[in-house]
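Engineer: So the chains spell out like this:
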Amino acid sequence: MTGEEMHALVERLYPVCRSITGDGVRRTLEIVGEHLPLDVHEVPTGTQVLDWTVPKEWNIRDAYVKDPSGARVIDFRRLNLHVVGYSVPVRGTYTLEELRPRLHTLPEQPDLVPYRTSYYSETWGFCLSQRTLDGLGEGPYEVMVDATLADGHLTYGEHVVRGTSDEEVLISCHVCHPSLANDNLAGIAVAVALAARLEAPRLTYRFVFAPGTIGAITWLARNRDRLGRIGAGLTLACAGDPGPLTYKRSRRGDAGVDRALAHVLAGRPHTILDFSPYGYDERQYCSPGFDLPVGSLTRTPYAGYPEYHTSGDHPGFVTAEAMADTLETLWEAVRVLERDGRYRNLSPYGEPQLGRRGLYGSIGGRSDTREAQLAMLWVLNQSDGGHSLLDVADRSGLPFDMVADAAAALEGAGLLKRED
Amino acid sequence: MTGEEMHALVERLYPVCRSITGDGVRRTLEIVGEHLPLDVHEVPTGTQVLDWTVPKEWNIRDAYVKDPSGARVIDFRRLNLHVVGYSVPVRGTYTLEELRPRLHTLPEQPDLVPYRTSYYSETWGFCLSQRTLDGLGEGPYEVMVDATLADGHLTYGEHVVRGTSDEEVLISCHVCHPSLANDNLAGIAVAVALAARLEAPRLTYRFVFAPGTIGAITWLARNRDRLGRIGAGLTLACAGDPGPLTYKRSRRGDAGVDRALAHVLAGRPHTILDFSPYGYDERQYCSPGFDLPVGSLTRTPYAGYPEYHTSGDHPGFVTAEAMADTLETLWEAVRVLERDGRYRNLSPYGEPQLGRRGLYGSIGGRSDTREAQLAMLWVLNQSDGGHSLLDVADRSGLPFDMVADAAAALEGAGLLKRED
Amino acid sequence: MTGEEMHALVERLYPVCRSITGDGVRRTLEIVGEHLPLDVHEVPTGTQVLDWTVPKEWNIRDAYVKDPSGARVIDFRRLNLHVVGYSVPVRGTYTLEELRPRLHTLPEQPDLVPYRTSYYSETWGFCLSQRTLDGLGEGPYEVMVDATLADGHLTYGEHVVRGTSDEEVLISCHVCHPSLANDNLAGIAVAVALAARLEAPRLTYRFVFAPGTIGAITWLARNRDRLGRIGAGLTLACAGDPGPLTYKRSRRGDAGVDRALAHVLAGRPHTILDFSPYGYDERQYCSPGFDLPVGSLTRTPYAGYPEYHTSGDHPGFVTAEAMADTLETLWEAVRVLERDGRYRNLSPYGEPQLGRRGLYGSIGGRSDTREAQLAMLWVLNQSDGGHSLLDVADRSGLPFDMVADAAAALEGAGLLKRED
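Going down the list, the protein sequences come from chains A, B and C.
Residue 71 in the UniProt record's numbering sits at position 71 of the first sequence, with consecutive numbering throughout.
Residue 318 in the UniProt record's numbering sits at position 318 of the second sequence, with consecutive numbering throughout.
Residue 360 in the UniProt record's numbering sits at position 360 of the third sequence, with consecutive numbering throughout.
The set of hints was computed from the structure by calculation and includes no laboratory data.
Since the model is a prediction, treat every value here as computed from it, not as a measurement.
Just so it is clear, CB atoms sit at the ideal spot from N, CA and C, and this is done for glycine as well.
Any given hint could turn out to be false.
If we take Cβ atoms under 10 Å as the criterion, some of the chain B residues that face chain A in the derived model are [what the hints assert, rightly or not]: (1) Pro15; (2) Ser347; (3) Tyr349; (4) Leu359; (5) Leu374; (6) Trp378; (7) Leu380; (8) Asp384.
If you anchor each label on the Cβ, the simulated ranges turn out as follows [to be verified]: (9) B:Asp166 <-> A:Gly228: 53 to 61 Å; (10) C:Trp331 <-> A:His270: 45 to 53 Å; (11) B:Gly33 <-> A:Gly304: 57 to 65 Å; (12) A:Gln373 <-> B:Pro269: 51 to 59 Å; (13) B:Gly355 <-> A:His270: 33 to 41 Å; (14) B:Arg335 <-> C:Pro269: 44 to 52 Å; (15) B:Pro244 <-> C:Glu371: 24 to 32 Å; (16) B:Gly92 <-> C:Trp331: 55 to 63 Å; (17) C:Val160 <-> A:Gln373: 34 to 42 Å; (18) B:Glu122 <-> C:Glu371: 24 to 32 Å; (19) B:Asp151 <-> C:Trp331: 54 to 62 Å; (20) C:Glu371 <-> B:Gly33: 35 to 43 Å; (21) B:Pro244 <-> A:Thr2: 56 to 64 Å; (22) A:Gln373 <-> C:Pro306: 56 to 64 Å.
With the rest of the complex left out, here is chain A (with noise of 0.2 Å):
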């Protein structure tokens, strides 16, 4: 796929009311599994998950703020984030006095509207931008919301690319949040994207789809007997914004997946942030009794930008050329993933004779050795069974793909073996 594919995935997906539970993460996956096949999931309201519950399934058609004169001041249909996320039904007559408690707004961002939600509290409200409601006269306002929360289930996907080895990556996408594009719209389409370019792998990629928190918390719940599996993993989210890319570790601090990103984002303009948790589902991922080895990989981090959980985040806020370059950061640290390992020197004591195996220039003397030879050097010197190429590549400065190449040509000519 291409950054304008990605692009015109996120345009698609923008409009659709989303939430931790309802149709909209139905329509989303829907629209995902356009792309590829995805095994849905449907877990009942009430279902034990972790230390929590799953929740009432929310649904929403319909919601206004309409003036004395039958005009819709604040409209859900123009913009699906004027509702607070789980409001419950209401129909009523309201002076703006009775109603100002349940008005959001941004002050200091006078012409955004708020991104609110209040799950686990019944409540209603709305969310407007501080100019609007600066506008309101005293009412009465007819107010509505055309909601239902009852019981139902909370929905997720799943979509498996099967690779030799049973050593998963896990790549999980928040699906939860309505009209915002750069979270996560923008990680949805570059987390379809790799799937997309995933083509007989080594090691086996699961991409989860899932409402952030009480979806991963779910997906966790019922998956712990496999999570040894899983070798490395990336909350992918914020992956469309103009900024440099960021990746925050994981709470193990030095996993193969702190060490591949740390080794592709070197040649870029980039931030590393050590773990903490708050942010996205690596906070899930990384709690104390599960302690994945799962980062977070996004552009701007997580509450980092002004448009952040408000209308500002539209899809002219995201840009084709970041989510390719996501992308492409994403595969190289995929090619370290895939490629790496620990190899054993078949002939450690001195170097080997690399001419007469054809692996080497036969005039000596010259001061321009190539860096592929160099390669070769340190991949035979590092290769004791303790190092891996990528412990190679980090060490030598060289790019991990070089190393790579060369451990691959060694092995070629029997000097090598693969150790794990």
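Given chain A's structure and the hints, the job is docking chains B and C onto it.
Structural biologist: Same frame as chain A, but now just chains B and C:
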């Protein structure tokens, strides 16, 4: 005790002529004893203490150098620094020429009187300013030291505040310097103020007021059986000069006391020094056979200010503000030692649902999470039995007390259990 | 040996046409043998050494390219770099066009003649300056290489200075380069001077003068049983250029030799490089099967100066001062290796009373403690069997010799005992 009260104590202690033995130490402990109940120990001359022997007891009543007119040009009664500590008795007439080898001055600080002692080699001498020396004629001079150096005792005092735990915090102050305010009357005053503030602590606090070197060695020799109880300790000195605080690490370098002091100093102007086997009695506590977790807290460190070991270190050199600041820092460190501990998250799989336990705001989607909530997430994430609250505070960058409060709230909700 | 004497040795060795085998190496070892008794080893062609085979022996008597007038436009007798090392015999007439693929120049350094060899692929060729090549007409040219490439031997020399300990320090110099002064006649000269200076050392010093790569491999193959004795080693090369010293760490990175060189270089302009599997024979000594504690000492490192492997590396490029400085540094490092050790404080509880043992000034209270006393305190404090004198020197910031002198004084007073 306020800074002013500590300063008043310094002024009261200042005129007493202390040395490593004798009535000056006894009088000092008497005055300290007016604030704290003290166990005063008397150890006879000749007692073997580790590699040392308790020396003879020295007491001095008067000493002077009178010029031909009978005027006391050097007068012990004006300033006790004028006599070399442990000077043997003398009475005689000397020309300036004969006296000169026994007169100590500071040519580069011509107005100050130096502080000199000769504990382990029997001699006598006087200290005076270069200015005074320069004004002296040829003499002859009548010289008198009315002192006794005879079998007696070495005296030290202890005050213990018992906690619920046998684990001890050692606070050690040297009490052997005569009229020097920062070194170490200010340290004594801060220790007294700290002891007074402790109420029903968890840990047991042992305050040792002993002469430097030989006193610490004597205390160590007499307490070898229970040194294992010392979990943290500090020598307290130079606690009142106007410079910023300095912490010198214990020999271990990463003991709890080193971690605690680094944490509380982080928010203040300060210096942290690695251990070195020079300075105050941490030299003895950190000798390799004991290797106790004892650091040293000072303001300007040992020998680091021009007034050090001169008549310039008088009560005007130390301030109430500085002593109050030293005390507050010490108090924060004590709070860390008191409250720190390892906890276990009892709901370690995914985050526990804080909301239904009243530990979390119920309106989601807001980007301004409060630090207190972050502290709870950090405590939950790191409480795997391997990290202490101080580890959490250091890693998260949050203040220790906020982290400890979060742990208390989580323990109250049944989510956390203390491990040690 | 003085710097001037080392320089004279470089000048004497310079005209000899060395290669990896042949009479040039023998003549070089003969000259070295005038300074040191050498064991010269001859290893027959065809001998299997690790992954390699000892090649045919190459000897050359003359070589030239004559222009139509009969003038030697390229003349081996003027500079032995003019012939590609290991050129096979040839006699014939060639046009410039035909010769061109066999002529090696440095277009970017048009006045310099490059150094080229072809040890493992039978061919022939000439090296000349670009300036000379540009002046050549179309020919025809009479070409002659009067060389033999036939079964014979590989030659290397060893000199051993026995110490009281079997533990060995290996000093290895490559002796295979023809007329190149810094690389490696200067290294040879410094090694000779070091050997001459060693008198009754504690450690055993083994000097190996062998051709690069194949010589080190041959030596390793023939000495596998006793490599375990090597406690430290250095390849010594580029020891005479005017640049500052460079130490390249062993593969282990923290071996004793790495620590010793870092300590003695700390007071000089210098560079320390991490190990890399390229450069001199540390490549072989540090191959993963051997992993010997062998670093590399040079001034400007391998391939780091424009004269490297060109006719610009003549005796005028190396200086007596630089070689003397290399030798002094090496000598300081040798002193560290000789004197270092782990000691145990026999009076580890508190400080021992240095005064009564005559190890301490008797007038206390002075702030200007001498460094030598500080060194004693450091040695006493750290001598728990776990820290070496070099550890103490590094931690205290005191010079190694002062620390070692302090240890000697303490040992003399019965306060310290050597552990290993």
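Engineer: So which of the earlier hints does this model not fit?
Structural biologist: 1, 4, 9 and 22
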